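Chemist: The chain contents come next:
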Amino acid sequence: DAGVIQSPRHEVTEMGQEVTLRCKPISGHNSLFWYRQTMMRGLELLIYFNNNVPIDDSGMPEDRFSAKMPNASFSTLKIQPSEPRDSAVYFCASSLTGGPITYEQYFGPGTRLTVT
Amino acid sequence: QQPVQSPQAVILREGEDAVINCSSSKALYSVHWYRQKHGEAPIFLMILLKGGEQKGHDKISASFNEKKQQSSLYLTASQLSYSGTYFCGTVSAGNKLTFGGGTRVLVKP
Chain Z
4 DAGVIQSPRH EVTEMGQEVT LRCKPISGHN SLFWYRQTMM RGLELLIYFN NNVPIDDSGM
64 PEDRFSAKMP NASFSTLKIQ PSEPRDSAVY FCASSLTGGP ITYEQYFGPG TRLTVT
Chain R
35 QQPVQSPQAV ILREGEDAVI NCSSSKALYS VHWYRQKHGE APIFLMILLK GGEQKGHDKI
95 SASFNEKKQQ SSLYLTASQL SYSGTYFCGT VSAGNKLTFG GGTRVLVKP
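Going down the list, the sequences are from chains Z and R.
Counting in the working numbering, the first sequence runs from 4 upward without gaps.
Counting in the working numbering, the second sequence runs from 35 upward without gaps.
Careful: at least some of the hints might be erroneous.
[What the hints assert, rightly or not] Label-pair ranges, simulated between beta-carbon atoms:
#1 99/R to 84/Z: 42 to 50 angstroms
#2 61/R to 117/Z: 38 to 46 angstroms
#3 79/Z to 50/R: 42 to 50 angstroms
#4 65/Z to 99/R: 32 to 40 angstroms
#5 92/R to 77/Z: 29 to 37 angstroms
[Unchecked claim] Examples of chain R residues lying across from chain Z (beta carbon under 10 angstroms, computed):
#6 36
#7 66
#8 73
#9 77
#10 78
#11 79
#12 81
#13 108
#14 128
#15 129
#16 132
#17 133
#18 134
#19 136
[Said to hold, decoys possible] Calculated Cβ distances over 10 angstroms to all of chain Z for the following chain R residues:
#20 40
#21 52
#22 111
#23 117
#24 131
Since the hints were derived computationally from the structure, they do not count as laboratory data.
From a predicted model like this one, the values you see are computed outputs, not experimental measurements.
Glycine included, every Cβ here is placed at the ideal spot set by N, Cα and C.
Use the sequences and the hints to build the structure in full.
Modeler: Structure, rendered in structure tokens:
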């Protein structure tokens, strides 16, 4: 199995531009998670999907952030417009999920976003 | 609310032992432990589902005290490869994994 795939691995953009991050989860996993990691705030859950449906988006910072999962094998996280404080490493993770107990999550390699 | 980890950092000599603690203010369904090396993604180590249960991964083991809402990770006879940042993640109502702030571990020769 190829694991969780993320693209791009690095993204440098100017403030105000739109940024789209992409994720392909492990085949057969029915939960997908987007995390943001910074030195100041650590590893934060932004949003998670179960069976392609957004379950909890309470971690999404503001309306500039949006996420979609059109099918079981693809998800996007979009920032529009981007700001320098959005600079971080964004991880996508996937897992099997059943009931109230979460199975282990498999993380992708991350996208390092720099907004200048 | 994220779980609290302690200590924030620890330096070990190869072969020494260490304990990392994780505590939550919420009732927990499970506790996860992950390790992240610099510039890499977090890697799953183990999950603890029952009160008092201990799990192991090589010479790394963990316990979960469900009543106290606490978990501890034990690094036994540490190896150079154990260096990295260790995160506990807790699952409570809502089936959401919330990570602690991390504990940096450096194992020196």
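Chemist: Now tell me if each hint is right for this structure.
Modeler: Hint check:
| no. | hint | in the structure |
| --- | --- | --- |
| 1 | 99/R to 84/Z: 42 to 50 angstroms | holds (46 angstroms) |
| 2 | 61/R to 117/Z: 38 to 46 angstroms | holds (40 angstroms) |
| 3 | 79/Z to 50/R: 42 to 50 angstroms | holds (45 angstroms) |
| 4 | 65/Z to 99/R: 32 to 40 angstroms | holds (38 angstroms) |
| 5 | 92/R to 77/Z: 29 to 37 angstroms | holds (35 angstroms) |
| 6 | 36 | holds (7 angstroms) |
| 7 | 66 | holds (7 angstroms) |
| 8 | 73 | holds (9 angstroms) |
| 9 | 77 | holds (7 angstroms) |
| 10 | 78 | holds (4 angstroms) |
| 11 | 79 | holds (9 angstroms) |
| 12 | 81 | holds (6 angstroms) |
| 13 | 108 | violated (19 angstroms) |
| 14 | 128 | holds (7 angstroms) |
| 15 | 129 | holds (5 angstroms) |
| 16 | 132 | holds (7 angstroms) |
| 17 | 133 | holds (4 angstroms) |
| 18 | 134 | holds (8 angstroms) |
| 19 | 136 | holds (6 angstroms) |
| 20 | 40 | holds (14 angstroms) |
| 21 | 52 | holds (20 angstroms) |
| 22 | 111 | holds (25 angstroms) |
| 23 | 117 | holds (18 angstroms) |
| 24 | 131 | violated (5 angstroms) |
The structure fails hints 13 and 24 (numbered hints given earlier, in ascending order).
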